[in-house]
Amino acid sequence: MKSTSIQSIPTLAQLLFVLLSTALLSSLASAQESAVDIIDAMEELYRGESSLARMTMIVETPQFQRTMEMESSSIGTEKAFIRILAPRKDRGIATLKLDLEMWNYLPKINKVIKVPPSMMMGSWMGSDFTNDDLVKQTTLTDDYDLTLEETDTEYRITLVPKSNTVTVWGKIDYNVNKELMIPLSQNFYDDSDRLIRKMEFSEPREISGLLIPSRMEMIPINKEGHKTVIIYDELQFDPPEIDESIFTMRNLRSRF
Amino acid sequence: MLLFKLAFRNIFRQRRRSLLTAMSLIGGYVLSVFSFSMSEGSYNNAITFFVQDHTGHIQIHKEDYLQRPKIHKSIPRPDELSAILDANERVASHTLRVFAPSIAYSDTDNTPAQVIGVDLARERATSTLAAKISAGAYIGPELDGEGYYSAMIGAGIANNLNIGLGDELILISQGADGSIANDIYRVGAIVGDRSSADRSTVYLPLVASQEFLSLPDAVHEVSILLKDDGLAREEAARLQELLPEFTVDPWQVVEATFYQSMQTDKQGNVVFLGIIIFIVFVGVLNTVLMSVLERTREFGVLKAIGSRPAKLALMITVETIMLTSISVLIGVMLSAPLILWFSLAGFALPEPMDVGGVLMSHLTGELSLYVFAVPMFLILGFAILISIPAGIRAALNSPKEAMRSH
Numbered sequence: 001m002k003s004t005s006i007q008s009i010p011t012l013a014q015l016l017f018v019l020l021s022t023a024l025l026s027s028l029a030s031a032q033e034s035a036v037d038i039i040d041a042m043e044e045l046y047r048g049e050s051s052l053a054r055m056t057m058i059v060e061t062p063q064f065q066r067t068m069e070m071e072s073s074s075i076g077t078e079k080a081f082i083r084i085l086a087p088r089k090d091r092g093i094a095t096l097k098l099d100l101e102m103w104n105y106l107p108k109i110n111k112v113i114k115v116p117p118s119m120m121m122g123s124w125m126g127s128d129f130t131n132d133d134l135v136k137q138t139t140l141t142d143d144y145d146l147t148l149e150e151t152d153t154e155y156r157i158t159l160v161p162k163s164n165t166v167t168v169w170g171k172i173d174y175n176v177n178k179e180l181m182i183p184l185s186q187n188f189y190d191d192s193d194r195l196i197r198k199m200e201f202s203e204p205r206e207i208s209g210l211l212i213p214s215r216m217e218m219i220p221i222n223k224e225g226h227k228t229v230i231i232y233d234e235l236q237f238d239p240p241e242i243d244e245s246i247f248t249m250r251n252l253r254s255r256f
Numbered sequence: 001m002l003l004f005k006l007a008f009r010n011i012f013r014q015r016r017r018s019l020l021t022a023m024s025l026i027g028g029y030v031l032s033v034f035s036f037s038m039s040e041g042s043y044n045n046a047i048t049f050f051v052q053d054h055t056g057h058i059q060i061h062k063e064d065y066l067q068r069p070k071i072h073k074s075i076p077r078p079d080e081l082s083a084i085l086d087a088n089e090r091v092a093s094h095t096l097r098v099f100a101p102s103i104a105y106s107d108t109d110n111t112p113a114q115v116i117g118v119d120l121a122r123e124r125a126t127s128t129l130a131a132k133i134s135a136g137a138y139i140g141p142e143l144d145g146e147g148y149y150s151a152m153i154g155a156g157i158a159n160n161l162n163i164g165l166g167d168e169l170i171l172i173s174q175g176a177d178g179s180i181a182n183d184i185y186r187v188g189a190i191v192g193d194r195s196s197a198d199r200s201t202v203y204l205p206l207v208a209s210q211e212f213l214s215l216p217d218a219v220h221e222v223s224i225l226l227k228d229d230g231l232a233r234e235e236a237a238r239l240q241e242l243l244p245e246f247t248v249d250p251w252q253v254v255e256a257t258f259y260q261s262m263q264t265d266k267q268g269n270v271v272f273l274g275i276i277i278f279i280v281f282v283g284v285l286n287t288v289l290m291s292v293l294e295r296t297r298e299f300g301v302l303k304a305i306g307s308r309p310a311k312l313a314l315m316i317t318v319e320t321i322m323l324t325s326i327s328v329l330i331g332v333m334l335s336a337p338l339i340l341w342f343s344l345a346g347f348a349l350p351e352p353m354d355v356g357g358v359l360m361s362h363l364t365g366e367l368s369l370y371v372f373a374v375p376m377f378l379i380l381g382f383a384i385l386i387s388i389p390a391g392i393r394a395a396l397n398s399p400k401e402a403m404r405s406h
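Protein sequence lines, in the order shown, are assigned to chains A and B.
Just so you know, we're using the numbering used here here: the first sequence kicks off at 1 and counts up by one.
Just so you know, we're using the numbering used here here: the second sequence kicks off at 1 and counts up by one.
One should not assume that every hint holds.
Claimed, not checked - Here are the simulated lysine-lysine pairs, DSS-like style, with alpha carbons at most 25 angstroms apart:
1. B:Lys70 x A:Lys89
2. A:Lys114 x A:Lys79
3. A:Lys198 x A:Lys178
4. A:Lys108 x A:Lys89
5. A:Lys171 x A:Lys223
6. B:Lys5 x B:Lys266
7. B:Lys70 x A:Lys227
8. B:Lys62 x B:Lys73
9. A:Lys114 x A:Lys89
10. A:Lys111 x A:Lys89
11. B:Lys73 x A:Lys89
12. A:Lys198 x A:Lys223
13. A:Lys227 x A:Lys198
14. A:Lys223 x B:Lys70
15. A:Lys171 x A:Lys198
16. A:Lys223 x B:Lys62
17. B:Lys73 x A:Lys227
18. A:Lys227 x A:Lys171
19. B:Lys400 x B:Lys311
20. A:Lys223 x B:Lys73
21. A:Lys227 x A:Lys89
Bear in mind the hints are in silico, worked out from the structure with no lab data behind them.
A quick note: this is a predicted structure, and the numbers were derived from the prediction, not measured.
Construct the complete structure from the given sequences, taking the supplied hints into account.
Laid out in structure tokens, this is it:
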């Protein structure tokens with residue numbers, strides 16, 4: 001809706017804006033390009049060509065705190081496979097993502113459940129991450145127009161949905177540490193420009209020769225006391241044990 | 001005393017008229033008692049039904065679980081609460097329950113299901129769950145040889161999933177800690193039929209539901225059955241004082257919608273009976289006025305020899321009340337055996353009604369003092385009311401005019 005509305009009579013402000021932006025066109029074009037490069041570099045950080053990670057997820061709500069350990073494999077942006085290792089009662093629960101589709105496997109009942117499109121904004125395993133975060137976040141530079149702002153220490157990139165794309169967020173602020181070239185924070189806004197949630201990156205560590213923030217915190221603004229932390233315990237890029245056979249229904253269903 | 005003697009004799013001066021008036025009074029009274037008995041009886045049946053079916057007389061929850069159920073609004077360490085309730089001599093029994101919405105799966109189908117975890121032994125003593133089982137037997141809380149807990153499922157679920165006794169039932173829900181609750185159970189019993197209120201319910205042993213929902217040592221609801229069913233409000237207030245950290249409600253609050261519509265309906269019933277009795281009393285008023293009119297001369301003589309007007313008015317009132325009382329007395333004698341039969345046997349319904357899994361084959365009435373007393377006081381009240389204008393008429397006549405009339 002937001003990207004398809006067309007106003008037939010431009011206002012004076014809009015005309016002025018067009019004039020100004022034409023004047024600034026050349027500088028904008030290059031800024032757009034480098035913003036794309038920066039975001040791509042950030043998204044690539046955690047993934048490489050293929051990756052194998054062990055992480056700890058801590059879900060905090062006013063009622064409970066839950067810690068899960070999991071193993072995650074990925075190839076490029078299209079394929080991902082996550083298996084929960086601990087706690088014991090959730091051990092073996094797995095999620096397979098192939099392109100834009102997603103399945104959960106529950107070993108106790110030996111059942112694969114496809115995550116329907118209507119549940120994409122639902123919580124993944126009771127955390128503050130949505131299923132959509134796992135499936136779609138990778139296409140940031142395809143779906144959004146980027147504008148770059150620089151300060152002495154940070155790149156501040158604002159992502160606004162391109163017209164004719166259907167996106168979840170009305171706007172994303174993406175802040176990057178200029179010197180270390182690592183992400184600092186992301187703020188997610190809805191269509192009415194209200195801050196819905198923010199993700200903060202911290203505790204940079206050198207993993208496989210790259211400096212990577214090892215701790216990510218997702219904080220939903222509208223749910224007081226809720227927070228999800230992901231800590232990278234291990235991360236390997238292009239490990240030999242990752243191959244296509246991991247990202248199959250057969251592997252999803254295998255007892256663990 | 002002379003006044004009463006006179007009044008009593010006056011009633012029998014016009015026997016046929018008095019008899020007809022008495023008959024309309026007796027008819028009105030019996031009709032009222034019968035209608036009261038039916039309304040009280042059917043409501044009491046409904047109350048008894050849901051109190052025993054699931055509500056209990058009193059329920060205990062955490063915070064506002066009753067209005068806004070959330071899985072984490074649970075009562076911790078229910079054993080402590082159980083000990084308190086077991087020691088309370090006014091409590092007949094109580095049961096512990098856990099609730100969660102879920103999706104039930106068989107190999108091929110799925111259907112929404114309400115999971116209720118119950119303390120099996122306590123539930124049996126508190127609600128009619130065991131009586132509602134239509135196939136299989138009341139389950140136990142232990143694991144079977146393959147490590148599955150047993151479940152009792154509503155007939156609707158058995159039908160939708162096309163499963164029966166001994167089959168596997170898969171449940172998926174959200175745990176209290178945000179995890180995906182999922183497990184397999186063995187169908188041990190089918191509850192009710194496809195029209196029962198709990199056709200979409202899955203009953204699990206309490207321990208199984210707590211494991212399923214990652215809700216160790218906690219329950220959502222404590223339902224209490226009292227020895228005296230009339231004391232729900234008083235006992236709830238007493239328990240609330242004792243347990244300030246929880247919310248204690250009598251059934252009148254738990255089933256507020258039912259209770260309020262019942263109160264409204266009962267009030268409407270009283271108004272309706274009032275109208276019937278009013279119509280009866282238009283006839284009675286006619287009788288009284290006639291008897292005053294034809295005794296105009298007599299009243300004139302009484303006044304001339306020194307009777308006070310107030311005495312005359314009082315005599316008319318006493319006459320009316322006497323006639324009414326005799327009628328009501330006969331009415332009680334006639335209606336008592338009728339109501340006794342109605343409350344014990346009742347009308348056989350042409351087809352037994354299934355009310356939430358319990359078969360009701362008879363429409364029965366209520367036998368209580370209330371049923372007899374309310375119409376009695378209504379009728380006596382009306383009797384006093386209509387004797388006033390007649391009495392005034394008798395009191396105000398002038399002896400000179402009166403003695404001239406015939």
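Evaluation of the provided hints:
Note on Lys70 (chain B) and Lys89 (chain A): the hinted pairing holds, with a Cα-Cα distance of about 22 angstroms set against a maximum of 25 angstroms. Only pairs whose Cα atoms come within 25 angstroms are accepted, and Lys114 (chain A) paired with Lys79 (chain A) is accepted, the gap being roughly 15 angstroms. Restraint check for Lys198 (chain A) and Lys178 (chain A): satisfied, since their Cα atoms lie roughly 20 angstroms apart, inside the 25 angstroms limit. Distance hint between Lys108 (chain A) and Lys89 (chain A) is fulfilled; the C-alpha atoms sit about 9 angstroms from each other, no more than 25 angstroms.
In summary, the hint linking Lys171 (chain A) to Lys223 (chain A) is supported, as the alpha carbons are separated by about 20 angstroms, within the 25 angstroms threshold. Straight-line distance between C-alpha atoms of Lys5 (chain B) and Lys266 (chain B) comes to about 40 angstroms, which puts the hinted pair past the 25 angstroms bound. For the suggested pair Lys70 (chain B) and Lys227 (chain A), the alpha carbons sit about 19 angstroms apart, so the restraint of at most 25 angstroms is met. Restraint check for Lys62 (chain B) and Lys73 (chain B): the C-alpha separation of about 6 angstroms stays at or below 25 angstroms, so the hint holds.
Taking the CA atoms of Lys114 (chain A) and Lys89 (chain A), the gap is about 21 angstroms. The hint holds against a cut of 25 angstroms. Taken as a hint, the Lys111 (chain A) and Lys89 (chain A) pair is honoured in the structure, with Cα atoms around 16 angstroms apart against an allowance of 25 angstroms. Annotation: proposed proximity of Lys73 (chain B) to Lys89 (chain A) holds, straight-line Cα distance about 22 angstroms (limit 25 angstroms). Distance check on the hinted pair: Lys198 (chain A) and Lys223 (chain A) sit about 12 angstroms apart at the alpha-carbon level, within 25 angstroms; holds.
With a C-alpha separation of about 10 angstroms, the suggested pairing of Lys227 (chain A) with Lys198 (chain A) holds against the 25 angstroms cut-off. Pair hint Lys223 (chain A) plus Lys70 (chain B) holds up; C-alpha atoms about 15 angstroms apart against a cutoff of 25 angstroms. Pair hint Lys171 (chain A) plus Lys198 (chain A) holds up; C-alpha atoms about 12 angstroms apart against a cutoff of 25 angstroms. The straight-line distance between the Cα atoms of Lys223 (chain A) and Lys62 (chain B) is roughly 21 angstroms, inside the 25 angstroms bound, and the hint therefore holds.
The suggested pairing of Lys73 (chain B) with Lys227 (chain A) holds, with an alpha-carbon distance near 20 angstroms, which does not exceed 25 angstroms. Pair hint Lys227 (chain A) plus Lys171 (chain A) holds up; C-alpha atoms about 21 angstroms apart against a cutoff of 25 angstroms. The hinted pair formed by Lys400 (chain B) and Lys311 (chain B) meets the criterion: a straight-line CA distance of about 19 angstroms does not exceed 25 angstroms. Between Lys223 (chain A) and Lys73 (chain B) the alpha-carbon distance is near 17 angstroms, which keeps this suggested pair within the 25 angstroms criterion.
Taken as a hint, the Lys227 (chain A) and Lys89 (chain A) pair is honoured in the structure, with Cα atoms around 22 angstroms apart against an allowance of 25 angstroms.
In summary, the structure is inconsistent with hint 6 from the numbered list given earlier, while agreeing with all the others.
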